[in-house]
Amino acid sequence: MARILQFNFEDKDLVYLDKINGVDIVNLARELHCDTIVLFARDAWGRAYYESKVARKSLRLGSRDLLREVISEAKKYGIRVFVMVGHTTNPELFSRQPDWAQRNFKGEIIHMDINPQLEKSPLLRWPLMCLNSPFLDIVVKEVEEVLEYGVDGVLLDSFRYMPDFEKACYCEYCKVKHRAELDRELPVVEDWSSRAYRESFLWRYSVNIKALKKIWRAIREKSPHAVLVYNSHPAGWKGRASTIVELSRSFIDIVFAEASEADYQPPGFLAEIVKITRALCGEKRVWTTRNAFHMALTTTSTTPIVIKQGVREIFAAGGDPMILVFSSTYAQSQLFKQPVKEVFEEIEKLEEFMEGVKRIRYVGVVYSNRSRDWAGQSDPRHVTDEIRGFYYALTYSGLPVDFVVDTQLDRGDIHEYKVLVLANTASLSERSVKHISEHVNSGKGLVATYLTSMMSEQGDLLEDFQLRDVLGVSFRGLLKYPWSYIVLEREHPVTSEIGDRVVLWGDYDRVFKERRTPPSIAWQVLIEPRESATVLGYIAEPQSEFGYEYENGRSPPIMGNLTRAPAIVVDPEQKVVYFTGQLGRLYWRLGLPQYEQLILNSIKWCGDKPPIKVTTRGIVLVEPYERSGQLVIHLVNLTFDKRIITRGNTDEPLMWHSTAESVWPPRSTIPLEVIVELRGYEVKKAWSPLKQRSYELEKINDATTLSLKLDEYELLVLES
Numbered sequence: 040m041a042r043i044l045q046f047n048f049e050d051k052d053l054v055y056l057d058k059i060n061g062v063d064i065v066n067l068a069r070e071l072h073c074d075t076i077v078l079f080a081r082d083a084w085g086r087a088y089y090e091s092k093v094a095r096k097s098l099r100l101g102s103r104d105l106l107r108e109v110i111s112e113a114k115k116y117g118i119r120v121f122v123m124v125g126h127t128t129n130p131e132l133f134s135r136q137p138d139w140a141q142r143n144f145k146g147e148i149i150h151m152d153i154n155p156q157l158e159k160s161p162l163l164r165w166p167l168m169c170l171n172s173p174f175l176d177i178v179v180k181e182v183e184e185v186l187e188y189g190v191d192g193v194l195l196d197s198f199r200y201m202p203d204f205e206k207a208c209y210c211e212y213c214k215v216k217h218r219a220e221l222d223r224e225l226p227v228v229e230d231w232s233s234r235a236y237r238e239s240f241l242w243r244y245s246v247n248i249k250a251l252k253k254i255w256r257a258i259r260e261k262s263p264h265a266v267l268v269y270n271s272h273p274a275g276w277k278g279r280a281s282t283i284v285e286l287s288r289s290f291i292d293i294v295f296a297e298a299s300e301a302d303y304q305p306p307g308f309l310a311e312i313v314k315i316t317r318a319l320c321g322e323k324r325v326w327t328t329r330n331a332f333h334m335a336l337t338t339t340s341t342t343p344i345v346i347k348q349g350v351r352e353i354f355a356a357g358g359d360p361m362i363l364v365f366s367s368t369y370a371q372s373q374l375f376k377q378p379v380k381e382v383f384e385e386i387e388k389l390e391e392f393m394e395g396v397k398r399i400r401y402v403g404v405v406y407s408n409r410s411r412d413w414a415g416q417s418d419p420r421h422v423t424d425e426i427r428g429f430y431y432a433l434t435y436s437g438l439p440v441d442f443v444v445d446t447q448l449d450r451g452d453i454h455e456y457k458v459l460v461l462a463n464t465a466s467l468s469e470r471s472v473k474h475i476s477e478h479v480n481s482g483k484g485l486v487a488t489y490l491t492s493m494m495s496e497q498g499d500l501l502e503d504f505q506l507r508d509v510l511g512v513s514f515r516g517l518l519k520y521p522w523s524y525i526v527l528e529r530e531h532p533v534t535s536e537i538g539d540r541v542v543l544w545g546d547y548d549r550v551f552k553e554r555r556t557p558p559s560i561a562w563q564v565l566i567e568p569r570e571s572a573t574v575l576g577y578i579a580e581p582q583s584e585f586g587y588e589y590e591n592g593r594s595p596p597i598m599g600n601l602t603r604a605p606a607i608v609v610d611p612e613q614k615v616v617y618f619t620g621q622l623g624r625l626y627w628r629l630g631l632p633q634y635e636q637l638i639l640n641s642i643k644w645c646g647d648k649p650p651i652k653v654t655t656r657g658i659v660l661v662e663p664y665e666r667s668g669q670l671v672i673h674l675v676n677l678t679f680d681k682r683i684i685t686r687g688n689t690d691e692p693l694m695w696h697s698t699a700e701s702v703w704p705p706r707s708t709i710p711l712e713v714i715v716e717l718r719g720y721e722v723k724k725a726w727s728p729l730k731q732r733s734y735e736l737e738k739i740n741d742a743t744t745l746s747l748k749l750d751e752y753e754l755l756v757l758e759s
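If you're matching positions, the sequence shown starts at 40 in my numbering and goes up one per residue.
Careful, some of the hints might be misleading.
What the hints assert, rightly or not - Derived lysine to aspartate or glutamate pairs resembling DMTMM-like cross-links, with alpha carbons at most 20 Å apart:
(1) Lys519 - Asp418
(2) Lys206 - Asp152
(3) Lys216 - Asp152
(4) Lys214 - Glu238
(5) Lys652 - Glu751
(6) Lys473 - Asp499
(7) Lys648 - Asp690
(8) Lys145 - Glu229
(9) Lys652 - Glu721
(10) Lys380 - Glu390
(11) Lys277 - Asp230
(12) Lys652 - Glu635
(13) Lys681 - Glu665
(14) Lys519 - Glu502
(15) Lys388 - Glu751
(16) Lys397 - Glu322
Stated by the list, open to error - Cβ pair distances, simulated, as ranges:
(17) Pro558 - Asn154: 24 to 32 Å
(18) Glu528 - Thr685: 22 to 30 Å
(19) Asp680 - Gly451: 41 to 49 Å
(20) Arg164 - Arg569: 58 to 66 Å
(21) Pro710 - Leu501: 31 to 39 Å
(22) Asn143 - Gly592: 32 to 40 Å
(23) Lys261 - Gln731: 41 to 49 Å
(24) Gly668 - Pro558: 14 to 22 Å
(25) Asp449 - Lys249: 18 to 26 Å
(26) Ser289 - Pro532: 40 to 48 Å
(27) Gly451 - Glu612: 20 to 28 Å
(28) Asp449 - Trp242: 19 to 27 Å
(29) Lys114 - Ala235: 49 to 57 Å
None of these hints come from the bench; they were simulated from the model.
Even for Gly, the Cβ is constructed at its ideal location relative to N, Cα and C.
Whenever a hint applies, use it, and build me the whole structure from the sequences.
This is the structure in structure tokens:
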């Protein structure tokens, strides 16, 4: 485990660089109880903070060497130092070597500048350099230079070369290399139906992977004990860097899962990011950030509870927490210090209980990079929404849930899960199909939705489900409705406690300019179930394209014809549930209880009783582990006050009496009464190393339970 301070000098003018020295940064790390420091050796502007032969040292430093200052002081206290190099934005290098920059198919420079439309800036602040150009050799030299200083590792931050058509590089270096390796020209039309286009898309991933491997080898040759850290930024860049992590897992030592979106995301987002990344990298170490500031307001601190609960989320999920402090935050605000110190001091005491632990598994939600790319194509958000809907329904219901990735399915590394969720997992390899079939045949559960297994590993659309024998249904087409309904007609554990017999299936588009509804949100798969299957509900058509009752056509139309097309199918001989629509996506967008109940019912019917369940009136993140003779259970209270995120019901900002742009950080948690239920474990003692107290255990039928009042966070140790 590590407790990490990331300290960035962020501004172009480096206003505070001559006022902050290495001793200041190390003293801050010591004050915050950090054992690791991360800082720039070469920043995104192209400037070095050390004596470099390949980058200009900042004039603000004069004769100083900031990197040497930090390393010299950190060694006195056993603090590790990692440095950031290789940022693919490098305007100083670009000014000397413009032909090394990434260029789109029109020949325009690809960059990371974000400006208002009215601002016409002739200067590019952050042009991206191409990994197929000699720029990569410069990065290797940067790495070799900093290793001479004795750094503990190198972090590639914003190391970007993306495959998406609008951001794909068509420079001469790429054209030559693509032609040499694939024996054809780069495609100049975005055509997802073309195998050649998809192969070129994958080729761009391989450019990243080969570059990472080259840098990793340079590190190993120069300093065998130093490590390579790669910033994957899982929620950014359409999630594409997650594929790079999965395919580079054998030589990335640590993954930095940047999570700068946390203030706009649901409670539990940081744990979600950690668990996705740990699955992708094969359970290697994952660093995840909680910014010291709110949103992008880098010159001021966020609230103490945001920092503390964010760091606890990361720790509970198995990640190494990193606090990001900008030089302006450090110089202009002191409010972040106390909560960081408090929570890192807490974690320092608890780290021993995470040594040698193993996750307690129950549900594995498949996060498929292939399905995101091939089914999501240029807009993969809708595929990811389906996954996140299932994940948050289960997490917010106090159940242990983890992610399973393509590599695990290919290897058959799924035997620990009682239930697998294939949330529109469209693309599956033949190996994955075999292992999923074996999983179900062994008596384990499966919940699947929509176009699961309708694509090959390479993204070819198939004629039928690869899992047709497992799902008990055959594909007969798509029902492309703007809105639809499902009507529940049979009593079954999957359909219990839903409330309404008729369930709306659809939503209106929040932007509401180019379309009324999000792409394919109400579409249903037309299936033919086998004779032994049980149909629990049927699809109903909309009476019209949209409703007129309210909100100028954003409302759903009333229900029209009830078809005999199945909507929910279960196999009574196996623990399999199949939904013809995108249940998780609807829950993610709308959060309505009927969608949540369908998800929970399906999981419980397929997976029987969970090994651990937390019951409370609020939201509690439960992250359970086991090690020799002990269970270790993290409980993080995510029930906040005053956390407000507002938005309008369209993208038109001027039609309301007030703006819909509020993003408030919470001030405190709401204390909760919590009941923890355990099954399948003989537990004799429960205690808290944090509060130095024991808890009373009670045996109720087949469960061992304990009750507690949860304020912010608790770590339970249960012994047999």
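Taking the hints in turn, this is what the structure says about them:
The suggested pairing of Lys519 with Asp418 holds, with an alpha-carbon distance near 18 Å, which does not exceed 20 Å. Of the supplied pair hints, the one linking Lys206 and Asp152 holds, its CA atoms being roughly 13 Å apart against a limit of 20 Å. A C-alpha spacing of about 27 Å is found between Lys216 and Asp152, which places the hinted pair above 20 Å, so the restraint is violated. At roughly 15 Å between alpha-carbon atoms, Lys214 and Glu238 fall within 20 Å of each other, so this suggested pair holds.
Our distance criterion of 20 Å between C-alpha atoms is met by Lys652 and Glu751, whose separation comes to about 18 Å. With a C-alpha separation of about 18 Å, the suggested pairing of Lys473 with Asp499 holds against the 20 Å cut-off. About 44 Å separates the Cα atoms of Lys648 and Asp690, which puts this hinted pair outside 20 Å; it is violated. Simply put, Lys145 and Glu229 have alpha-carbon atoms about 14 Å apart, close enough for the 20 Å limit, and the pair holds.
Restraint check for Lys652 and Glu721: the C-alpha separation of about 16 Å stays at or below 20 Å, so the hint holds. A hinted pair counts as satisfied when its Cα atoms are at most 20 Å apart, and Lys380 with Glu390 qualifies at roughly 15 Å. Annotation: proposed proximity of Lys277 to Asp230 holds, straight-line Cα distance about 18 Å (limit 20 Å). About 16 Å separates the Cα atoms of Lys652 and Glu635, which keeps this hinted pair within 20 Å; it holds.
Among the hinted pairs, Lys681 with Glu665 is inconsistent with the structure: their alpha-carbon atoms are about 35 Å apart, more than 20 Å. For a cut-off of 20 Å, the pair hint linking Lys519 to Glu502 stands: about 17 Å separates their Cα positions. Distance check on the hinted pair: Lys388 and Glu751 sit about 17 Å apart at the alpha-carbon level, within 20 Å; holds. This hinted pair checks out: Lys397 and Glu322 have alpha carbons roughly 10 Å apart, not beyond 20 Å.
Taking the beta carbon of each, Pro558 and Asn154 are about 28 Å apart, inside 24 to 32 Å as hinted. A hinted range of 22 to 30 Å for the beta carbons of Glu528 and Thr685 is inconsistent with their spacing of about 39 Å. At roughly 46 Å, the beta carbons of Asp680 and Gly451 sit within the given window of 41 to 49 Å. Evaluation of the 58 to 66 Å hint for Arg164 and Arg569 yields a pass: the beta carbon distance comes to about 60 Å.
Separated by about 52 Å at the C-beta atoms, Pro710 and Leu501 break the suggested range of 31 to 39 Å. Checked against the hint of 32 to 40 Å, the pair Asn143 and Gly592 passes, with Cβ atoms roughly 37 Å apart. Evaluation of the 41 to 49 Å hint for Lys261 and Gln731 yields a pass: the beta carbon distance comes to about 47 Å. Restraint check, Gly668 to Pro558: a C-beta distance of roughly 52 Å breaks the suggested window 14 to 22 Å.
Range check, Asp449 to Lys249: about 21 Å between beta-carbon atoms, so the 18 to 26 Å window is met. The hinted range of 40 to 48 Å is satisfied by Ser289 and Pro532, whose Cβ atoms lie roughly 43 Å apart. Between Gly451 and Glu612 the beta carbon distance is about 22 Å. The supplied range of 20 to 28 Å therefore holds. As the Cβ distance of Asp449 to Trp242 is approximately 20 Å, the hint placing it in 19 to 27 Å holds.
A hinted range of 49 to 57 Å holds for the C-beta pair Lys114 and Ala235, which are about 53 Å apart.
In terms of the numbered hints stated before, the structure departs from hints 3, 7, 13, 18, 21 and 24, listed from lowest to highest.
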